[in-house]
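Based on the provided sequences and hints, a complete structural model is requested.
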Amino acid sequence: MSTAHEHNDISHVAPVKVLLGVFGALIFLTVLTVAAVFVDLGPLNIWIAMGIATVKALLVALFFMHLAYDRPFNGIVFMAALVFSGLFVSIALLDSREYKKNVDDFRAVTPLSIPAGK
Amino acid sequence: MSTTTTTAPGALTPAVQPESDNYLKNSTGLLSWAMTLDHKRIGVMYLVAVLAAFFLGGMFALALRTELFFPADSTGQGLFLTPDLYNQMFSLHGAIMVFLFIIPSIPAALGNFILPVMLGAKDVAFPRLNLWSFYLWCVGAVFFLVVLMQGGLDTGWTFYTPYSSTKSLTAVVPALMGAFILGFSSIFTGINFLVTLHKMRPPGMTFFRLPLFLWGLYATAVIQVLATPVLGITLLMLVVERSFGIGIFDPALGGDPVLFQHFFWFYSHPAVYIMILPGMAIISEVISTFSRKHIFGYRFIACSSIAIALFGFFVWGHHMFTSGQSPLASTIFSALTFSVAVPSAIKVFNWLTTMYKGNIVLGAPMIYALGFLFLFAIGGLTGLFLGTMGTDIHLHDTYFVVAHFHYVMVGGTLWAFLAGLYYWWPKMFGKMYSERSAIVGSIVAFIGFNLTFFPQFFMGSQGMPRRYFTYVPEFQIYHQLSTIGAYTLLVGLLIVAYNLVQSLLKGERAPSNPWGSATLEWQCTSPPPYYNFKDSPEVGDPYDLDRVQWDPKTKGYVNRPDYVPSASH
Amino acid sequence: MSTTPHTAGVAAAPPHGAHAHGDHAHGGHGDHGDHGHHNPDVAHHFDTANQQFDAGKLGIWAFLVTEVLFFSGLFCAYSIWRNLNPEVFLYAHHYLDTTLGATNTVVLLFSSLTAAWAVRCAQLNQKKGLVLCLSLTLLCAFGFLGVKYVEYSHKLHDGIGWGTAYQPHNPKLFSELTASGHYLNGRYVSEIAAERNLGIDGVPYAELDNAGKFQIAEQLRPEFLPEPVKVRTFFGIYYGMTGLHGVHVVGGILVFLWLLVRALKGQFHAGYFGPVDYAALYWHLVDLVWIYLFPMLYLIH
Numbered sequence: 001m002s003t004a005h006e007h008n009d010i011s012h013v014a015p016v017k018v019l020l021g022v023f024g025a026l027i028f029l030t031v032l033t034v035a036a037v038f039v040d041l042g043p044l045n046i047w048i049a050m051g052i053a054t055v056k057a058l059l060v061a062l063f064f065m066h067l068a069y070d071r072p073f074n075g076i077v078f079m080a081a082l083v084f085s086g087l088f089v090s091i092a093l094l095d096s097r098e099y100k101k102n103v104d105d106f107r108a109v110t111p112l113s114i115p116a117g118k
Numbered sequence: 001m002s003t004t005t006t007t008a009p010g011a012l013t014p015a016v017q018p019e020s021d022n023y024l025k026n027s028t029g030l031l032s033w034a035m036t037l038d039h040k041r042i043g044v045m046y047l048v049a050v051l052a053a054f055f056l057g058g059m060f061a062l063a064l065r066t067e068l069f070f071p072a073d074s075t076g077q078g079l080f081l082t083p084d085l086y087n088q089m090f091s092l093h094g095a096i097m098v099f100l101f102i103i104p105s106i107p108a109a110l111g112n113f114i115l116p117v118m119l120g121a122k123d124v125a126f127p128r129l130n131l132w133s134f135y136l137w138c139v140g141a142v143f144f145l146v147v148l149m150q151g152g153l154d155t156g157w158t159f160y161t162p163y164s165s166t167k168s169l170t171a172v173v174p175a176l177m178g179a180f181i182l183g184f185s186s187i188f189t190g191i192n193f194l195v196t197l198h199k200m201r202p203p204g205m206t207f208f209r210l211p212l213f214l215w216g217l218y219a220t221a222v223i224q225v226l227a228t229p230v231l232g233i234t235l236l237m238l239v240v241e242r243s244f245g246i247g248i249f250d251p252a253l254g255g256d257p258v259l260f261q262h263f264f265w266f267y268s269h270p271a272v273y274i275m276i277l278p279g280m281a282i283i284s285e286v287i288s289t290f291s292r293k294h295i296f297g298y299r300f301i302a303c304s305s306i307a308i309a310l311f312g313f314f315v316w317g318h319h320m321f322t323s324g325q326s327p328l329a330s331t332i333f334s335a336l337t338f339s340v341a342v343p344s345a346i347k348v349f350n351w352l353t354t355m356y357k358g359n360i361v362l363g364a365p366m367i368y369a370l371g372f373l374f375l376f377a378i379g380g381l382t383g384l385f386l387g388t389m390g391t392d393i394h395l396h397d398t399y400f401v402v403a404h405f406h407y408v409m410v411g412g413t414l415w416a417f418l419a420g421l422y423y424w425w426p427k428m429f430g431k432m433y434s435e436r437s438a439i440v441g442s443i444v445a446f447i448g449f450n451l452t453f454f455p456q457f458f459m460g461s462q463g464m465p466r467r468y469f470t471y472v473p474e475f476q477i478y479h480q481l482s483t484i485g486a487y488t489l490l491v492g493l494l495i496v497a498y499n500l501v502q503s504l505l506k507g508e509r510a511p512s513n514p515w516g517s518a519t520l521e522w523q524c525t526s527p528p529p530y531y532n533f534k535d536s537p538e539v540g541d542p543y544d545l546d547r548v549q550w551d552p553k554t555k556g557y558v559n560r561p562d563y564v565p566s567a568s569h
Numbered sequence: 001m002s003t004t005p006h007t008a009g010v011a012a013a014p015p016h017g018a019h020a021h022g023d024h025a026h027g028g029h030g031d032h033g034d035h036g037h038h039n040p041d042v043a044h045h046f047d048t049a050n051q052q053f054d055a056g057k058l059g060i061w062a063f064l065v066t067e068v069l070f071f072s073g074l075f076c077a078y079s080i081w082r083n084l085n086p087e088v089f090l091y092a093h094h095y096l097d098t099t100l101g102a103t104n105t106v107v108l109l110f111s112s113l114t115a116a117w118a119v120r121c122a123q124l125n126q127k128k129g130l131v132l133c134l135s136l137t138l139l140c141a142f143g144f145l146g147v148k149y150v151e152y153s154h155k156l157h158d159g160i161g162w163g164t165a166y167q168p169h170n171p172k173l174f175s176e177l178t179a180s181g182h183y184l185n186g187r188y189v190s191e192i193a194a195e196r197n198l199g200i201d202g203v204p205y206a207e208l209d210n211a212g213k214f215q216i217a218e219q220l221r222p223e224f225l226p227e228p229v230k231v232r233t234f235f236g237i238y239y240g241m242t243g244l245h246g247v248h249v250v251g252g253i254l255v256f257l258w259l260l261v262r263a264l265k266g267q268f269h270a271g272y273f274g275p276v277d278y279a280a281l282y283w284h285l286v287d288l289v290w291i292y293l294f295p296m297l298y299l300i301h
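Protein chains in written order, with our numbering: chain Z, 1 to 118; chain V, 1 to 569; chain U, 1 to 301.
Hint data in this document are derived by calculation from the structure and do not stem from the laboratory. Treat the hints loosely; a few may be bogus.
To be verified - Using 25 Å as the maximum straight-line C-alpha spacing, the simulated BS3-like pairs for lysine-lysine come out as follows:
#1 Z:K17 to U:K127
#2 V:K506 to V:K25
#3 Z:K17 to U:K128
#4 U:K128 to U:K265
Here you go:
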């Protein structure tokens, strides 16, 4: 199983060491992210959680999904998805925060109460 | 009757092919069509399907325009519609036209047929996915038929909340599901075209040797893949909100209706570029061929297609200036909207320059292309008034908007669709149509279209709101002109339909290359054999019209035997 | 590489005049001697196995792009809601069981490993390994759904559904012990009432009707975190995100079952393993989504 040069005509073969190594790293990072919950760093907590998730995602994308070995175009295609999702979320979020005051002012006068049974 | 076709340089493309090889005839029976994997047959089925949808959507439009010939009387009674029914007419007109007709039209009906042949390929990358695209279109259409039978739709094709999530009593959920399924049909077409263009180009055909029709389809495919899924999730969330009262979009439940609009327009603005890019791509082909001249500014036109596709994602908030969107976001969107006008203008200038000092042939495709230039220019320029935040506050939700988008969608996309249909009709069906009635039809349609929509700019800027069942007397003259125009347009389109059907029954046999174009689809017979090409055709500059010469015997163009390709551009 | 055109398996017409453009008349990798007849593993409209594989790969990546954008709508709703109502999320997430969420994370990560390994087996003609890996992936997928079922049923048992089905009939109340900084995990009102012998007019809590039980809960509220009225929307988002993800897991199960059947029939080998690769890529995406969902929903503090 630890042959030096496994080969396939059509595409790159992932070595066992890489697969197991990445899996180990992923488990470690999962433990880390759960442990981080018990350390209170205020607003930083969510960014740390997202950061660890991103490292895990990169490991999966680069090694399990072969992006590290494929032609770069596939990776560019995937990046495009993330860029456009990011564009969408960030502008919508920006706008929501900007008009939040209008909504809050209105709610101060007319509080929200969800009717029973609705 | 030669059974081999070679495309060795110097060989004239034979006009005769064993009938059994013709894609229309190589297998018979309903199932051979319903389960075909041949992109050409799928294209033809799509053509019939989208034209049927166009007819249905058009009927709703005529109902609207007829009702609006007179305002409601003093008791609020209309001619033959109630206000509720009126709301249904415009909602169904919009939804059917957008989702069942315009978005699939050029890519699915013409693109499916022409793209592989233009590439010299045997089929698209995923023929089964292609067939599934068509099946999904049919399922989506069935959902809309269900809507018609179950109370219609009165939310507008835009499904704004909270009306669509809480108040409307019409068949909103089936309509949302239908649009959702149609979205997947569109996505699969986009994936197919993207992969085909990346992986199945023949030797010698680099990206910058692709015909511009394919550049347009490529840019469209990028938008289909990136934008349509967001519509999918939006519609799904609305279904769930309406059915279970989740509360993301409904203010009574703590939700945000402006958020719905952000979700909806993030797709629907790029969607309008899905509608226009393939149309512009057709115009590039037609103008070059019918000016007998190499397209001017090939790289600019190619890159502008990509630019439009990308910039189109940055401007969706210009539909929301009056919605409650923050002034900051509105300002950003207004500024970015101006950027999208630039690549479109670049294209128009390049088309005009192509025509300059060309030998213009006024065939039917060219008449439509010229009509396109005029109508799209008006539509595009009036978009600037709407993209400018200050003027849009006044014009939003008036007939000015209605006129603008009909000029670009009908004057733009439909005119380009007709140009393409006339251009490739001989290739697809092997028949020539009568030029005279084609041109008469196009002129009547042109007059009718302008009569319908030009007056609407005036009444819109004077304050006539859109989607209204009635109006004040000062607008009556505009409405009446508009309605007369609508019926004139109908007559023009009927002439077109008659012209095309007649060609199938009585038209002359079409040569391989009736118009003298240098793109590869004209290197096979008309109609093509089911395998497209026996040997891969030779790739060259797709706009080097010196490659072909007129042959009076076949009444078409043939490859010049002594052709030497000029230095590549 | 992606912009250079593929060489045709069928000999192209000999070039006339200029323009060799670096094309070779004969096929490159993977095209050994295919000129007259076609490799049975390659569809008729492709020239070589490589071209077919590359096309399928790009196709599945384009599909994954659509999946990312599909989920982005829910991520957007989550981001906005959490940004504008952080206290709702902080409160409501206590209802979620972090242990079960972490278990599911590990299960999915392991299934990603087995899916990637399955591709490797197919590439190396290891049929037994392929079948084993596909089966393990399926097992994990079922395991994930099983844990999900447990989680959902706990919530539904407490009356926590989504939208109009959000009718908690035995609400939990949460508080923080500020001194030690520990979180008191949710305690049922019934529990607290039993401890403190709460009741109305001598009737103990357990024997009260619903109205009475809520009255007791209201009495306790000032001591514990008040339930914000938008908790219901939190659960809408929770069920929406995990539900849509679950639907994709089910889709993955169907695909892997189909793959397993084909693998048992010996249809995959070193010259043809595209479907295994593409399905594994889909499955990795399902895993990727969960990698983000887990901290976003279960680890809010």
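Do the hints match the structure? See the list:
no., hint, in the structure
1, Z:K17 to U:K127, "holds (20 Å)"
2, V:K506 to V:K25, "holds (18 Å)"
3, Z:K17 to U:K128, "holds (20 Å)"
4, U:K128 to U:K265, "holds (11 Å)"
Checked against the numbered hints given earlier, the structure satisfies every one of them.
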